[in-house]
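Each chain, written out:
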Amino acid sequence: MGYTHYTRPKSFTVVCVVGFLLVILGMPTVFSPDTRKLGDFYPALYGALISLRFIGYIGLWHYKRWGVEMFLTTFVAQVIVNLLLTSVNPVGVIYHVFIFVFLLFHYKKMDRNL
Amino acid sequence: MIFLTLLRESVVFALNALRVNRLRTLLSLLGITIGIFAIIAVFTAVDSMERKVRASLESLGENVIFVQKWPWTFGPDYPWWKYMNRPLPRIRETKEIEERSESVDAAVFNGYIRKTIFYNSSFVENAQILSTTKGYEKVKDFDVQFGRFFIDEEVETGKPVCIIGSGIGAALFNGEDPTGRELRLYGQRVTIIGQFAREGESMFGNSLDNMVVLPADFTQKYVDLETDQVTPMIMVKGKNGITAEKLTDELEGLMRSVRRLKPGADDNFSLNEVSLLTSQTESIFRVFGTAGWIIGAFSILVGGFGIANIMFVSVKERTNQIGIQKALGARNWFILVQFLVESVVLCIIGGIIGLIMVYIGTTIASSMLDFEFVLTSSNIILGLTISAMIGIISGFIPSYSASQLDPVEAIRSGI
Chain A
1 MGYTHYTRPK SFTVVCVVGF LLVILGMPTV FSPDTRKLGD FYPALYGALI SLRFIGYIGL
61 WHYKRWGVEM FLTTFVAQVI VNLLLTSVNP VGVIYHVFIF VFLLFHYKKM DRNL
Chain B
1001 MIFLTLLRES VVFALNALRV NRLRTLLSLL GITIGIFAII AVFTAVDSME RKVRASLESL
1061 GENVIFVQKW PWTFGPDYPW WKYMNRPLPR IRETKEIEER SESVDAAVFN GYIRKTIFYN
1121 SSFVENAQIL STTKGYEKVK DFDVQFGRFF IDEEVETGKP VCIIGSGIGA ALFNGEDPTG
1181 RELRLYGQRV TIIGQFAREG ESMFGNSLDN MVVLPADFTQ KYVDLETDQV TPMIMVKGKN
1241 GITAEKLTDE LEGLMRSVRR LKPGADDNFS LNEVSLLTSQ TESIFRVFGT AGWIIGAFSI
1301 LVGGFGIANI MFVSVKERTN QIGIQKALGA RNWFILVQFL VESVVLCIIG GIIGLIMVYI
1361 GTTIASSMLD FEFVLTSSNI ILGLTISAMI GIISGFIPSY SASQLDPVEA IRSGI
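In the order they appear, the protein sequences are chains A and B.
Numbering-wise (this note's numbering), the first sequence opens with residue 1 and increments by one.
Numbering-wise (this note's numbering), the second sequence opens with residue 1001 and increments by one.
In case anyone wonders, no lab produced these hints; they're calculated from the structure.
Any given hint could turn out to be false.
Claimed, not checked - Taking CB as the label site, the calculated pair distances span: (1) B:S1279 / A:F41: 24 to 32 angstroms; (2) B:T1290 / A:L83: 21 to 29 angstroms; (3) B:P1407 / A:L72: 57 to 65 angstroms; (4) A:F98 / B:G1329: 50 to 58 angstroms; (5) B:L1030 / A:L21: 21 to 29 angstroms.
Claimed, not checked - A few chain A residues that face chain B, going by a derived Cβ cut-off under 10 angstroms, partial list only: (6) V17; (7) P33; (8) F41; (9) L52; (10) F54.
To be verified - Below, computed lysine to any residue pairings styled on SDA-like, alpha-carbon distance capped at 25 angstroms: (11) A:K37 / B:I1294; (12) B:K1069 / B:T1281; (13) B:K1052 / A:R36; (14) A:K109 / A:L52; (15) A:K37 / B:M1049; (16) A:K109 / B:D1105; (17) A:K37 / B:T1376; (18) A:K109 / B:N1332; (19) A:K109 / B:V1020; (20) B:K1221 / B:R1189; (21) B:K1246 / B:R1331; (22) B:K1052 / A:Y63; (23) A:K37 / B:F1371; (24) A:K37 / B:K1095; (25) A:K37 / B:S1299; (26) B:K1069 / B:T1248; (27) B:K1316 / B:V1020; (28) A:K37 / B:N1332; (29) A:K108 / B:K1069; (30) B:K1052 / B:I1348; (31) A:K109 / B:I1397; (32) B:K1316 / B:R1024; (33) B:K1052 / B:V1337; (34) A:K37 / B:S1279; (35) A:K37 / B:D1105; (36) B:K1316 / A:T35; (37) B:K1095 / B:P1079; (38) B:K1069 / B:M1049; (39) A:K37 / B:F1288; (40) A:K37 / B:Q1404.
Just so you know, these numbers come straight off a predicted model, no measurement behind them.
Note that the Cβ used here is the ideal one computed from N, Cα and C, for glycine as well.
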C-alpha cells in the first residue's frame, strides 16, 4: 500500500497561523457582554462555530480537504446566524470569502483522508 | 446507532479516567472549574444587581417625567452653580401643568421630610413623610394591603389622614390592620386610612415600606414644602399613547411658559426620566461584566491547557489500546471522536462542578445579604457552552494525533 506525502505550501501556513490567532482572539468574545445581549442561545451557537472553525484550521494545517469543507460550513453558518441577528460584519465576510477562494485553488491537491 | 454506541463508550472512558486517576483528573479539571466559577459568579452577581436596579427604576414609574431643580445625570463640565440658583418646583406649578397640558394624565407634587411619628407610647424615629397632591395613585404603582388610598376630597381639603408603609405598620402595630388608629404628627392626630403592601428594599430609597403618605395640603400647614430640605418634585405621567419624548417636549414649553422664561434664556428646571438612569446603569454594569469576562478568560485559558495536557497523557497511556482497536478495524474518525468526547465530558464535568459552586455561593450570599442572587438558565447554558467549547478546542489536537497513529507502531509501543 503506497502513501502519498502531502506538503503544506507556505501560503497555507500563513493562512492557518492568522486563522488560529483569529480563533484564539475570538474565543473570549463568546462570553462577552455584547454577545450575551444578542440572545440567550447566541453564546452557545457562537461557541460551537468557533470550536468548529478551530478544528477546520487544524485540518487546513494538515492540508486536508475536510479542513476546507469545515471552513466553508462554519463560514456559511456564521453568515446565516449574523444575518438573522442583523449583525453582519462586511470586513469579516470579505476576508473569509477571499480565504475560501484561495483554498479552492488548492482543494484538488489536498489529502482527502481524515 | 453506531454513533450512540461510540458516544456511550467515550463517556464511559471519560468516567473511567476520572475514577482510575481521580486526583490527577480532578487537579486538571480544577482550571476549568475555577474558570467557569469566576465567569459565571461575576455574571450572576452583575445580572442580579442589574435586575434589582431595573426593578427599582421601574418602581419610580413608567412614562413618568420628574420636574426637579437638579438633573439626575451630569457630565464632566457639570455647571452646579447654575443649578444652585434655580427655583424649586411649586404646588401652584403642578396645578398649572395639569390644567394647561393636553398630554398629561396626572401631575403630582411630592415633598419628602424625615420626622419621628408616635402611636401611644411607641414611635418610629426619622420616618419618611411623603406629602403629595391629588393623583399619586396614577403616577406610582402600589398595592394597598389594608384599608384604602386617599379620595380626592381628602387630599384637596388637607384632611389629617395618612397611609403607612408595611415597615411602619410592622414597627407600630406588629403587622395588624392599622386602619382607624391615630398617629401623632406635628402635635396633631392623624388617622390611618390604609397600609401599603410590602414592596421590598429599593436601591433609590423610594420604597413605600417605611413611608407615611399625607396630603400636601395638610403638611404645608406645619412645614414649608417649597424648600430644598423637602426635595420637592413634580411627577408627571403622560396619557396613554403619549411617548416620553412628546411629553418632555410639551412639558419643557409649558414650564418655560409657567415660569415666564424669555426666549433664549436657559431652562431653570430639569426634566428627569427613568431612561436616563437606565442608560447610565447599563454602562456601569457593562464595565463589571467586562472585568469578569477578562478574569474568566484567563482562568479558562489555563484550564484549557490543563485539559490538553491530560488528554495527551491519556493518549500516550492508551497508545497500545488504540493500536489494537485500529488493527481490529476501527476507523480514524472512531478514535478521534472517542477521545474528543472524553475531553468534552471531562470539561463539562469541570463546568458542572463550577456551576454547583456558583449555586452554593449564591444561596449562601442570598441568605446572608438580604439580596437575591439568581443563577439564571442563560448563565447555566453559557457555563456549559464554554466548558464544551474548551473541551473541543483543547482535546482536538491530542485526539487527532491519536487517530493518526500507525496501528503497528501503536501496538509495539505497549510491548
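Check the hint pairing A:K37 with B:S1279 against an upper bound of 25 angstroms on the C-alpha distance. Holds. A:K37 to B:S1279 sits at ~14 angstroms (cutoff 25 angstroms).
Holds or violated: A:K37 and B:I1294, Cα atoms, limit 25 angstroms. Judged against 25 angstroms, a Cα distance of about 17 angstroms means the pair holds.
Restraint status (C-alpha distance of B:K1246 to B:R1331 at most 25 angstroms): Violated, at roughly 69 angstroms.
Return the status of the interface hint for A:V17: holds when the least beta-carbon distance to chain B is below 10 angstroms, violated otherwise. This hint is violated: A:V17 lies away from chain B, its Cβ roughly 15 angstroms from the closest one there, beyond 10 angstroms.
When you take the CB atoms of B:T1290 and A:L83, is the distance between them in 21 to 29 angstroms? Since the Cβ atoms of B:T1290 and A:L83 sit about 27 angstroms apart, the hinted range of 21 to 29 angstroms holds.
Taken at face value, is the distance from the CA of B:T1248 to the CA of B:K1069 at most 25 angstroms? Answer holds: B:K1069 to B:T1248 is near 15 angstroms, not above 25 angstroms.
Is the hinted pair B:K1069 and B:T1281 satisfied, with a Cα-Cα distance of at most 25 angstroms? 22 angstroms, holds
Keeping to a limit of 25 angstroms between CA atoms, is the pair of A:K109 and A:L52 held or broken? 23 angstroms, holds
Is the interface hint for A:L52 satisfied, with its Cβ closer than 10 angstroms to some Cβ of chain B? 8 angstroms, holds
Pair hint B:K1052 and A:R36, alpha-carbon separation not exceeding 25 angstroms: Given that 25 angstroms is the threshold and the Cα spacing comes to 19 angstroms, the pair holds.
Has the given pair, A:K37 with B:S1299, been kept, meaning a C-alpha gap of at most 25 angstroms? Satisfied, since the Cα-Cα distance of roughly 23 angstroms is no more than 25 angstroms.
For B:P1407 and A:L72, compare the CB-CB distance with the range 57 to 65 angstroms and indicate the outcome. Given range 57 to 65 angstroms: violated, Cβ gap about 32 angstroms.
In summary, the structure is inconsistent with hints 3, 4, 6, 16, 19, 21, 22, 24, 28, 29, 30, 33, 35, 36, 37, 38 and 40 from the numbered list given earlier, while agreeing with the others.
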